[in-house]
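Please dock the two separately framed chains into a single complex, following the hints provided.
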Amino acid sequence: MKNRVVITGLGVVAPNGVGVPDFTKSLKEGTSGITCHDNLKDFKFSCQIGGVPQISDEKKSQYFTDLQLRGFNSSGILYGCIAGIDAWKDAGFDMDSESQLDYDTGLIFGAATSGVEKFREAIYGVDDGNVRRLGSTVVLQTMASGVSAYLSGMLGLGNQVTTNSSACTTGTEALIMGYERIQNGKAKRMLVGSCSDHGPYIWGGFDAMRVMTYKHNESPEEGSRPMSATASGFVPGSGAGALLLESLESALERGAKIYAEVLGGEVNSGGQRQGGTLTAPNAEAVQRCIKKAVENSGITAKEIEVINGHLTATSKDSLEIENWSKALERKGSDFPYINSTKSMIGHCLAASGSIECVASIIQLKNQFVAPNINCEDLHPEIEALVDSNKIPIEKMDVNFDIIAKASFGFGDVNACVIFKKFND
Amino acid sequence: MTNDELITKLKAIIAPYVQDEKAFENLTEDTDFINDLKVNSANLVDIILDIEDEFSIRLENEDMEKMLDVKAAMLIINTKLKT
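Sequences listed follow chains A and B, in order.
1 is the number of the first residue of the first sequence in the numbering used here; add one for each residue after it.
1 is the number of the first residue of the second sequence in the numbering used here; add one for each residue after it.
Honestly, the hints are just simulated from the structure, not real lab data.
Check the hints yourself; a few may be wrong.
Derived lysine-lysine pairs resembling BS3-like cross-links, with alpha carbons at most 30 Å apart [stated by the list, open to error]: (1) K38/B - K60/A; (2) K59/A - K38/B; (3) K41/A - K215/A; (4) K11/B - K60/A; (5) K302/A - K291/A; (6) K38/B - K89/A; (7) K257/A - K421/A; (8) K60/A - K9/B; (9) K22/B - K59/A; (10) K420/A - K292/A; (11) K59/A - K25/A; (12) K291/A - K395/A; (13) K11/B - K59/A; (14) K60/A - K22/B.
These numbers come from a predicted model, not from an experiment.
This is chain B alone, in the form it adopts within the complex (with noise of 0.2 Å):
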C-alpha cells in the first residue's frame, strides 16, 4: 500500500470524529488528531477501533500512547501490517 493510499483510508476512518474541517481538508502527515482536527481525547480510542477493522491489525495500549497523530498512525499500520 503507498502513503498516499493510506492517507486516503486514514482520512476515512477519522472523518466522523474530526471537528475542524478546514484543518481536515489540508491533512498532512504533520497533522495532529487533537490539536489539529479538535478530535475529542475520548474519540481517539474509537479510532483506534475502527483502524483495527479496517486494517484487520490489533493495536496495543501502546501503540495508542504513540497514535497521536497522522505519521505516527501511519508508522505504527504499517509495522504492524508488515508482522
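Isolated chain A (complex conformation) (with noise of 0.2 Å):
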C-alpha cells in the first residue's frame, strides 16, 4: 500500500509576489511583475524587460547570516532558500541552526544552471591569474547543487538531499520525484522546488535564439502574451517556488494544515522523435506524459476542471493546447478552464514548474481561476479547440477539485501532476 502524499507548506519568490499573501494577490488581481531593464538596453539584447523579485537587503538577512552574505552572489540561491525556508516555516517547523538533524526529512532542489554571476566573477578571476584570490565559496554558489547545500544546513535535513535538472520542467519534476519518494516510505517528507537566477548572463542565450519577445520593450507588462494571437515570444523571468509534501499519515498525526493532496504524477521525454528536437516537444510524448499521471492518479480525464498549462507565450502554445485537447480527449465547451500564470511573471525557466505549482495550490485552496493576462485577443488556432469561456481574461471565482499542472522543457523532456483539494 503505497503512502498518500499531501502538501502542508508553501514558499514563493515570484516577479510579482515574494511570500504566499503577496503572490496570492498578485494572481487574484492579475498584477504583472514584468519591468524594464536597463541593464538588457545596455547590453543590446532584443527584448529588454523581465520578471525579477524583488529582495530587499533587509529580507536577505531574515535569512542568511552576514557570514553566508559576504561574497554571495548568486540571485538563484538566494531565492531558493527563501522560498524553501518559508515553506518549511508554513508547515509549521522553525528554523533553528541548532535543531536536530531529521532523518526523515529529505530535499530535492531543482536548478538549470547556480550563481552564474558568481561563475562569471570565477572565469574574470581564473583568466586573470588570479585564482588565489577567488575565494571560497566559488564552488558552493556555482555547483548546480549549491541551493540544496545551502537550504538542507538551514533546515538540518538528514533524508536524500538533491537537486534535479531539466531545463524548464525542472521544478515540477522536482515535486514528482519527492512525491514518489514519499509514496514508497523512504521519506515522510520532503521539501521540493526549483529555482532560476535572474540577469543578462542566464538569459543572454534565448535572446540570441529569438525564442525572446522584442516587441514590448516600452510595455512590459503587456509583453508576456500566453495564448495570444499576438504573442511573439516569452519574456524572462526568475525567483523560486517551494512546496513541502509529506504523507498523510504524518500530516494528519501533527495536526499539520493541509493544501492538498498530490493525486500523481508522471515524467516522461520525447526522445527527439517524431518531431521532437531538442528545442521542440514530440507531441506524442507530451499526450501520453499527459494521459499517464491522469491513470496514475486514479482518475478519469473528465474529472480535470482547471488546467495551468506550460504555455509560455512562443508560436508552441497552440501545439500545446491541441496535445491537451487530444490527451483528454476534450474539446470546445468541454475543456477544462486553463491559465497561464506566465501571463503574470513571465517564463521563470528552471523555476517555472515549482513558481506555477504553487500557484495552481492556491488557486486550488482559494477556489479561483487566476486570469490570463494580455489574452484579450485569443489566438485563433487556440480558439478552435477550445471555447474562449475557458481561457479566463479576469479572475473567475470557480468550485473545482482537480487542477492538472503540467511543464515542459528543452531537451523534450515532459512532467504532469495531478492536485487534488483534501476535504477531511
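Written as C-alpha cells, this is what we have:
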C-alpha cells in the first residue's frame, strides 16, 4: 500500500510577489511582475524586459547570516532559500541552526545553472591569473546543487538531499520525484522546489535564439502574452517556488494544515523523435505524459476541472493546447478552464514549474482561476479547439476539486502532476 | 605597528568568520582560529585574502599552512611587512 501524499507548506519568490500572501493577491488581481531592465538595453538585448523578484537587504538578513552573505552573488540560491525556508515555516517547523538532524525529511531542489554571476566573477579571476584570490565560496555557489546544499544545512535535513535539472520541467519534476519518495515510504517529508537566477548572463542565450519577445520593450506588462494571437515570444523571469510534501499519515499526526493532495504524476521524454528536437516537443510523448499522469492519479480525464499550462507565449502554445485536447479527449465547451501563470511573471525557466505548482495550489485552495492577462486577442488556432470562456481574462471564482499542472523543457522532456483539494 | 595595533586589526578581519563569540572576546596571541574560534576551515582562505588586502602583502601557500593561530598570523604579517 503506497502512502498518500499531501502538501503542508508553500513558499514562493516570484516577480509579482514574494511570499504566499503577496503572490496570491497578485494572482487574483492579475498583477504583472514584468519590468524594463536598463542593463539589458545597455547589453543590446532584443528583449529588454524581464521578471525579477524584489528582495530587500533587510529581507536577505532575515534568511542568511552576515557570513553567508559575504561574497554572495547567486540570485537563484537566494530565491531558493527564501522560498524553501518559507515553505518549511508555513508547514509549522522552525529554522534553528541547533536543531536535531531530521532523517525523515529530504530535499529535492532543482536548478538549471547556479550562480551564473558568481561564475562570471570566477572566470574573470582565473583569466587574470588570480585563481588564488577567488575565495572559498565559488564552488558552493556555482555547483548545480548549491541551493540544496545551502538550504538543507539551514534546516538540518537528513534524508536524501539532491538537485534535479531538466530545463523548464525542473520544478514540476522535483515535485514528482519527492512525491514518489514519500509514496514509497523512503521519507516522511520532502521539501521540493526549484530556482532560477536572473539577469543578462542567464537570459542571453535565449535572446540569441530569438525566442524572447522584442516587441514590448516600451510596454513590459503587456509583453508576456500566452495564447494570444499577438504572442511574439516569451518574457524571461526568475525566482523560486517551494512546497513541503508530507505523507498524509505524518500530516494528520502533526495536525498540520493541508493545502491539497498530490494524486499522481508522470515524467517522460519525447526522445527527440517524431517531430521532437532539442527545442521542440514530440507531441505524442506530451500527450502520453498527460494521459499517464491522469491514469497514475486514479481519475478519469473528464474529472480535470482546471489546467495550469506550460504556455510560454511562443508559437508552440497552440500545439500545447492541441496536446491537452487530444490527451484528455476534450474540446470546445467541454475543455477544462486553462491559464498560464506566465502571463504575469514571464517564463521563470528552471523555477517556472515550482512557482506554477505553488500558483496551482493557491488557486485550488482559494477556489479561483487566475486571469490570463494579455489574452484579450485569443489565438484563432486555440479558439478553434477551446471555447474562449474556458480561457478567462478576468479572475473567476470557481468551485473545483482537481487541477492539472504540466511543464515541458528543452531536451524534449515533460512532466505532469495532478492535485486534488483535500477534504478531511 | 605595535602588537596591540596589529591584534586590533586582526580582530576586525576575523570577526565575520567567528562562530564562538566568547572565545573571540577573550582572544589572546594563543587563540587558535579553528579550535578556539570555531572558524570553518574553508573560511581560513577568506581570512588570508582579507589580511592580504588590509596589509597590502601577499601570502603564499606555505604561509597559509602555518597561519593557524593569532601568534602565527602576527609573526607572518610582521615578517612580510619588513620585506
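> Can you list which hints this structure breaks, lowest number first?
Replying inline: No numbers; nothing is violated.
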